[in-house]
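Participant: Here is how the chains run, residue by residue.
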Amino acid sequence: MNAPLAIEFVNVHYRTAANRELLSDLNLTVTHGEILILLGPSGSGKTTTLKLVNRMLDPTEGQVRVEGRSTLEWDVVSLRRRIGYAIQEGGLFPHYTVFDNVALVPRLEKWEAARLRGRVAEVMKMVGMPGEEFAGRFPDELSGGQRQRVGLARALAADPPMLLMDEPFGALDPTTRAGLQREFKELQHRLQKTVIFVTHDVSEALLLASRIGVVEGGRLRGLYTREEFLMSGDSAVRPYLEAIKTIQASLAV
Amino acid sequence: MLKFLIERKHEIATLGAEHLWLVGISVALAILIGVPAGIFLTRKPAWKNVVLGATGVIQTIPSLALFGLLLPLPWLGARADRLAIVALTLYALLPIVQNTYVGITGVDAPVREAATAMGLTRNQLLWKVELPLAANVIVAGIRVATVLTVGLATIAAAIGAGGLGEFIFRGVSMVDNQVIMAGAIPAALMAISADLLLALLQRSLTRARH
Numbered sequence: 047m048n049a050p051l052a053i054e055f056v057n058v059h060y061r062t063a064a065n066r067e068l069l070s071d072l073n074l075t076v077t078h079g080e081i082l083i084l085l086g087p088s089g090s091g092k093t094t095t096l097k098l099v100n101r102m103l104d105p106t107e108g109q110v111r112v113e114g115r116s117t118l119e120w121d122v123v124s125l126r127r128r129i130g131y132a133i134q135e136g137g138l139f140p141h142y143t144v145f146d147n148v149a150l151v152p153r154l155e156k157w158e159a160a161r162l163r164g165r166v167a168e169v170m171k172m173v174g175m176p177g178e179e180f181a182g183r184f185p186d187e188l189s190g191g192q193r194q195r196v197g198l199a200r201a202l203a204a205d206p207p208m209l210l211m212d213e214p215f216g217a218l219d220p221t222t223r224a225g226l227q228r229e230f231k232e233l234q235h236r237l238q239k240t241v242i243f244v245t246h247d248v249s250e251a252l253l254l255a256s257r258i259g260v261v262e263g264g265r266l267r268g269l270y271t272r273e274e275f276l277m278s279g280d281s282a283v284r285p286y287l288e289a290i291k292t293i294q295a296s297l298a299v
Numbered sequence: 484m485l486k487f488l489i490e491r492k493h494e495i496a497t498l499g500a501e502h503l504w505l506v507g508i509s510v511a512l513a514i515l516i517g518v519p520a521g522i523f524l525t526r527k528p529a530w531k532n533v534v535l536g537a538t539g540v541i542q543t544i545p546s547l548a549l550f551g552l553l554l555p556l557p558w559l560g561a562r563a564d565r566l567a568i569v570a571l572t573l574y575a576l577l578p579i580v581q582n583t584y585v586g587i588t589g590v591d592a593p594v595r596e597a598a599t600a601m602g603l604t605r606n607q608l609l610w611k612v613e614l615p616l617a618a619n620v621i622v623a624g625i626r627v628a629t630v631l632t633v634g635l636a637t638i639a640a641a642i643g644a645g646g647l648g649e650f651i652f653r654g655v656s657m658v659d660n661q662v663i664m665a666g667a668i669p670a671a672l673m674a675i676s677a678d679l680l681l682a683l684l685q686r687s688l689t690r691a692r693h
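Chains as they are written, first to last, in our numbering: chain A, 47 to 299; chain B, 484 to 693.
Careful, some of the hints might be misleading.
Once the Cα atoms are required to be at most 30 Å apart in a straight line, the calculated DSSO-like pairs of lysine-lysine come out as [stated by the list, open to error]: (1) Lys611(B) / Lys97(A); (2) Lys156(A) / Lys171(A); (3) Lys611(B) / Lys527(B); (4) Lys171(A) / Lys97(A); (5) Lys171(A) / Lys611(B); (6) Lys231(A) / Lys171(A); (7) Lys97(A) / Lys527(B); (8) Lys291(A) / Lys231(A); (9) Lys531(B) / Lys97(A); (10) Lys231(A) / Lys97(A); (11) Lys531(B) / Lys611(B); (12) Lys97(A) / Lys156(A); (13) Lys611(B) / Lys156(A).
Just a sample of chain B residues kept apart from chain A, beta carbon distances all over 12 Å, derived [said to hold, decoys possible]: (14) Met484; (15) Leu488; (16) Ala496; (17) Glu501; (18) Leu512; (19) Pro519; (20) Ile544; (21) Ser546; (22) Leu547; (23) Gly560; (24) Gly643; (25) Arg653; (26) Ala671; (27) Ile675; (28) Leu680.
Hints listed in this document are in silico derivations from the structure and should not be mistaken for laboratory results.
If you're wondering where the values come from, they're calculated on a predicted model, not measured in any experiment.
Ideal placement from N, C-alpha and C gives every residue a C-beta, glycine not left out.
Kindly produce the complete structure, drawing on both the sequences and the hints.
Facilitator: Here it is, written out as structure tokens:
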């Protein structure tokens, strides 16, 4: 028997209340343990796609299935607790310490104290923010990169099988970003979460992807493995390949 | 002057206590009504203009006129202090409702979004995120309301509700500044100390994050 797919989009449309079509006829499956990258410019529908998974939005037409069940059939809170969520700048609670931010979901799930403390220490170490040093700090006492790490730790804390990441490294300077990307890749190698990762940065996409979905104007233009993407002649992919060539050319000089 | 105040200290204490009681009850009621009303507006923004408009209109009614207008009402007009409390509560509502609304809607969108996406229920979002982050703005509203009410409560004496306004009205009719001051000075001191106390509370709420 096959395990149900982690996440499926079946003929999904999303229109705003003002009847603007943000997402058209999306068909997409995400398998367990893969990182699916959604690559596209801002306003292309990437974030909308993410928000349909944890019911921040409901599809206007079609179905989004998580672990084989339509999101509409899920209890919204238990669905969201199975899905970690990390966004740009982390979205940390400014009035909570790092510890309390990371402990948020386990506490909501009423973990007992010892298990909670152990888990918080574990995930903080995982993201390179040892608790002895950072647990008592507030978000405004951290750098952008550190906030991002805490945001990731918070998303991982209750060990959800799925992660949604919306340009999580977008606001960082290039060196910090590269470091975090590498670390996240190693971390994912160990944790094997099912991840949908939104970015407009093609090098980030190539570094992290199991597969890359190119999104443009509310449509999925194509779905590629890393190799297929690099060899593709599709018009949707071409601008990204040209961007890579430009970078390579500037390195060769 | 000082001698006069000391001579009248018993009467000042009695009327001061009455005054404090009027202010305390009115502000407490305004908090009990105003904070939930402000929260309600963040949930149903369609009501925002109606509710803030109405509380704003109340502010524009001269206080003496409001006391006069409420006087003929059956249950209300029966007791002067009851009437005064209702009128003072109405005046205190605007800053509290408004600051509650502004404080909560001022919470950063990504923080709210992250909280919701991690599976906080509406109530958890309110108690764990929105109210703590809005607390210092809400207390600022309560501070404004309190100072305002201490001043307005002096006018309640005009309808026989007591308080430090008794001295002021008596002094005006006797053309005696000393008697006016016997009401005005304690009322001013009361307003200043309430302001300071609430400022301290506000600061402790701000500092709690650091």
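Participant: Does the structure keep Lys171(A) and Lys611(B) at a Cα separation of 30 Å or less?
Facilitator: holds (26 Å)
Participant: Could you check that no beta carbon of chain A comes within 12 Å of the beta carbon of Leu680(B)?
Facilitator: The assertion about Leu680(B) holds, with a minimum of 23 Å to chain A.
Participant: Regarding the assertion that Gly560(B) does not contact chain A, is the least Cβ-Cβ distance greater than 12 Å?
Facilitator: holds (46 Å)
Participant: Is the claim that Pro519(B) lies outside the interface with chain A correct, judged by CB distances over 12 Å?
Facilitator: The claim stands: Pro519(B) keeps its Cβ more than 12 Å from every Cβ of chain A (closest is about 21 Å).
Participant: Is the claim that Ser546(B) lies outside the interface with chain A correct, judged by CB distances over 12 Å?
Facilitator: holds (38 Å)
Participant: Gly643(B) clear of chain A by more than 12 Å, beta carbon to beta carbon?
Facilitator: holds (47 Å)
Participant: Against the 30 Å threshold, does the CA-CA distance of Lys231(A) and Lys97(A) hold or violate the hint?
Facilitator: holds (23 Å)
Participant: Starting from Lys156(A), check that the Cα of Lys171(A) is at most 30 Å away, please.
Facilitator: holds (22 Å)
Participant: Just double-check Ile675(B) for me: nearest Cβ-Cβ distance to chain A has to come out over 12 Å.
Facilitator: holds (30 Å)
Participant: Confirm or reject: Glu501(B) is not an interface residue toward chain A, with every Cβ-Cβ distance exceeding 12 Å.
Facilitator: holds (39 Å)
Participant: Between the alpha carbons of Lys171(A) and Lys97(A), is the straight-line distance 30 Å or under?
Facilitator: Since the Cα atoms of Lys171(A) and Lys97(A) sit roughly 29 Å apart, the hinted pair holds (cutoff 30 Å).
Participant: Take the C-alpha atoms of Lys291(A) and Lys231(A), compute the straight-line distance between them, and say whether it is at most 30 Å.
Facilitator: Holds, at roughly 24 Å.
Of the numbered hints given earlier, the model fails none.
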